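Here the protein sequences come in this chain order: A and B.
Just so you know, numbering that gives the first Met the number 0 puts 74 at position 75 of the first sequence, and the rest follows in order with no gaps.
Just so you know, numbering that gives the first Met the number 0 puts 222 at position 223 of the second sequence, and the rest follows in order with no gaps.
Source of the hints: derived by calculation from the structure; they are not laboratory data.
Since we're looking at a predicted model, the values are computed, not measured.
Do not rely on the hints blindly, as some may be mistaken.
Stated by the list, open to error - Taking CB as the label site, the calculated pair distances span: (1) A:Ala162 <-> B:Val101: 27 to 37 Å; (2) B:Ile265 <-> A:Arg94: 18 to 28 Å; (3) A:Thr174 <-> B:Ala105: 24 to 34 Å; (4) B:Ile93 <-> A:Phe119: 29 to 39 Å; (5) A:Gly193 <-> B:Met0: 52 to 62 Å; (6) A:Lys391 <-> B:Ile254: 39 to 49 Å; (7) A:Asp333 <-> B:Tyr90: 45 to 55 Å.
Here a beta-carbon is modelled for each residue, glycine too, at the ideal position from N, C-alpha and C.
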Amino acid sequence: MKRKKSGLWLFAVVLSLVLAVGSAWAQETIKVGVVGPRTGSAAATGKAFEEGIKLGTDYVNAKGGVLGKKLEIVFEDTAGAPDKAASGFERLVTRDKVVMVLGESVSSSALAEIEVADRFKVPFIVVEAWADPITAKGYKYVFRAGPCNSGVVSETIAKWVVAEKFKRAFIVAETSDWGLGIAELSKSALTKAGVQFEAMTTERESKDHYTELNKIKAFDPDVVLAYIYGSGLHYFVAQAGEVKLTPKAIILDGAGPPSLWPDFWKNVGDYGNLECFVSSMHEKVELTKLATEYREAYQKAFGTPPTDYKSRSIFDSILIAADAINRAGSTDADKLVDALEKTSLLVTRGTVKFGTEKGGTEYHQWMPPMLVIQWQNKEQVVLYPPEAATGKLMR
Amino acid sequence: MFALAGMNGLVIGAIYALAALGVSLVVGIMNVINFAHGELYILAGYFSYLFANAFGMNFALAMTLAVALVFLFGLLIEYTLIRPTYGNDMYSLILTFILSIVLQNAYLLIFGPYPNKPPNWVGGSTLILGSFYYGNQRLAALIAGSAVITLVFLVIKKTWFGRIIRATSQDREMAELNGVNTKRLNMLSFGLGCALAAAAGVILAPIFPVTPTAGVPVALTAFVVVVLGGMGSLWGCVIGGLIIGLVENFGAAYISTAYKQVFSFIILILVLLSRPSGLFGRREA
Numbered sequence: 000m001k002r003k004k005s006g007l008w009l010f011a012v013v014l015s016l017v018l019a020v021g022s023a024w025a026q027e028t029i030k031v032g033v034v035g036p037r038t039g040s041a042a043a044t045g046k047a048f049e050e051g052i053k054l055g056t057d058y059v060n061a062k063g064g065v066l067g068k069k070l071e072i073v074f075e076d077t078a079g080a081p082d083k084a085a086s087g088f089e090r091l092v093t094r095d096k097v098v099m100v101l102g103e104s105v106s107s108s109a110l111a112e113i114e115v116a117d118r119f120k121v122p123f124i125v126v127e128a129w130a131d132p133i134t135a136k137g138y139k140y141v142f143r144a145g146p147c148n149s150g151v152v153s154e155t156i157a158k159w160v161v162a163e164k165f166k167r168a169f170i171v172a173e174t175s176d177w178g179l180g181i182a183e184l185s186k187s188a189l190t191k192a193g194v195q196f197e198a199m200t201t202e203r204e205s206k207d208h209y210t211e212l213n214k215i216k217a218f219d220p221d222v223v224l225a226y227i228y229g230s231g232l233h234y235f236v237a238q239a240g241e242v243k244l245t246p247k248a249i250i251l252d253g254a255g256p257p258s259l260w261p262d263f264w265k266n267v268g269d270y271g272n273l274e275c276f277v278s279s280m281h282e283k284v285e286l287t288k289l290a291t292e293y294r295e296a297y298q299k300a301f302g303t304p305p306t307d308y309k310s311r312s313i314f315d316s317i318l319i320a321a322d323a324i325n326r327a328g329s330t331d332a333d334k335l336v337d338a339l340e341k342t343s344l345l346v347t348r349g350t351v352k353f354g355t356e357k358g359g360t361e362y363h364q365w366m367p368p369m370l371v372i373q374w375q376n377k378e379q380v381v382l383y384p385p386e387a388a389t390g391k392l393m394r
Numbered sequence: 000m001f002a003l004a005g006m007n008g009l010v011i012g013a014i015y016a017l018a019a020l021g022v023s024l025v026v027g028i029m030n031v032i033n034f035a036h037g038e039l040y041i042l043a044g045y046f047s048y049l050f051a052n053a054f055g056m057n058f059a060l061a062m063t064l065a066v067a068l069v070f071l072f073g074l075l076i077e078y079t080l081i082r083p084t085y086g087n088d089m090y091s092l093i094l095t096f097i098l099s100i101v102l103q104n105a106y107l108l109i110f111g112p113y114p115n116k117p118p119n120w121v122g123g124s125t126l127i128l129g130s131f132y133y134g135n136q137r138l139a140a141l142i143a144g145s146a147v148i149t150l151v152f153l154v155i156k157k158t159w160f161g162r163i164i165r166a167t168s169q170d171r172e173m174a175e176l177n178g179v180n181t182k183r184l185n186m187l188s189f190g191l192g193c194a195l196a197a198a199a200g201v202i203l204a205p206i207f208p209v210t211p212t213a214g215v216p217v218a219l220t221a222f223v224v225v226v227l228g229g230m231g232s233l234w235g236c237v238i239g240g241l242i243i244g245l246v247e248n249f250g251a252a253y254i255s256t257a258y259k260q261v262f263s264f265i266i267l268i269l270v271l272l273s274r275p276s277g278l279f280g281r282r283e284a
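Whole structure, please, built from the sequences with the hints as guidance.
This is the structure:
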């Protein structure tokens, strides 16, 4: 009996020691959440995010961390599904007690997450979900340090179409918040620019695009604005070559990363030549010294140069978050929002400044510069904007 | 557009039929619904990619080896997961569902999230009827798929093994009384069902590269085809697959490209309203 009692005492002492050490260790870090798809059809973004998170936390912690403590990132998988995204976001807030959340690349998931951010009053920096309503809703705690549909269309895609003197365009968009949103904006921009166009939507999960491609071919466009994400883009480009839509027409991948995925050339073969895509990253067009540092750190950590620009986007957002926490001198949500609104920070893609005027997409939005790049014999040639161009469109 | 929709409908329909045949076979004989069917299709795609690209094997050898390995894996699944659940269909359904999730995550871990593609057997495209170009790899897949479907029918209708399969699916107890080892038959049939998923996978992977989750829509379409054609009916599979392929393509060509799958579900609902057991399904007594 006595032995049993002393055993219980020993257990209680060990348990309290473990808890004490655990909580002391926990106080050594400040937690920031990241949401994004690590599984499901958009899992490639999760991989890019993981890479950017590693480099971002190493960078911040090497410079002293946040508020004198180490920065810790908790990555929650959203699987590209709005229901999982909302519950994952909530778990980060309630279970992990994160002070801020970053990330997301799927617009429908981000639209679900901003509602949770607003309800729990937790600052949320959206990184790569482009749908306009994410910031246009005017939520106090929601920011976006990345492209938005209207910015990409008005600043890059529409201007490029005009600059290349394309007369006929075809818009094909997947049935997603991002695809349908960017297609509508493209229609308005092309109408304003006087470019003749037709448009159609295609199922998000569709693998077979023969019917769509033959309809497009019948229109005889100069350029096809393809708002299709993931493997679907590979199928689209390969099948466009098979039905002989390309190379007569030029395809623009309106998202970017799928054209840079490791097996792009294996999947599309020679049909990938002359394809164009939108990107915020090119090794010969680095806008800041930090972009070069990032490329070198990436090469050192992963043994290859970076391809998916979303790894660099999440890296930037970690720097923005750390900067805001340090300037706020606190993890209080309202003080963090104040600090974020006053951000003026040089990251890999330029100087971040969030819009503060309510009533539109510009509210709490920072739009990084985007490039239009063309694959020319497996070399990336920047076509637009003219000041960053490394070559001319090849047809 | 009419000729293209017809042609593409036939090709996609034959592909659907091939993917559904394995499901139908297993349902017909064992009354087991294999939720991991799509993941076995993907596994074969990954194997053929690995053997052809990483080990430099000839594509035909890589495909044969991939199908054989998935067949063996199917035998193992039946022995370890399905056999202990005989008598309770719900357990096998849950177990194969869990298996599908485990396999998806394993693929993600091993092969990564990006699409992987084995090499094409043939390149380029052919001008059909002077009106549209069609990929040669798709034409080759149509021929290969049709050959596999024909082979399955020959085995089922013309061989001793096929006769045993038909007898067991009609009356299991009577087959047992006549000396059929139904346990061994179940194992072989499940393996064969998995091998058919694998055959579809290796034929289609050069056209539609595989990703960890690409098996989900494949399995969904296969189940729709099986229900439309009638549970356990092989002819139902072929006719069901062709109907869905044609309806999707004519719907996309003449109504909207945004609702391809909706058209097939509408057809499914209409058929089930008039024939609840599917086009070729046996009515329950």
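Now for the hints, and whether the structure bears them out:
Range check, Ala162 (chain A) to Val101 (chain B): about 51 Å between beta-carbon atoms, so the 27 to 37 Å window is missed. Separated by about 43 Å at the C-beta atoms, Ile265 (chain B) and Arg94 (chain A) break the suggested range of 18 to 28 Å. A C-beta distance of roughly 30 Å is found between Thr174 (chain A) and Ala105 (chain B), which places it inside the suggested range of 24 to 34 Å. One distance hint, 29 to 39 Å for the beta-carbon pair Ile93 (chain B) and Phe119 (chain A), holds here, with the actual separation near 35 Å.
Judged by the Cβ atoms, the range 52 to 62 Å given for Gly193 (chain A) and Met0 (chain B) is violated: they are separated by roughly 29 Å. Taken as a hint, the range 39 to 49 Å holds for the pair Lys391 (chain A) and Ile254 (chain B), whose Cβ atoms sit roughly 41 Å apart. In this structure the hint that Asp333 (chain A) and Tyr90 (chain B) lie 45 to 55 Å apart at CB holds, the actual value being about 53 Å.
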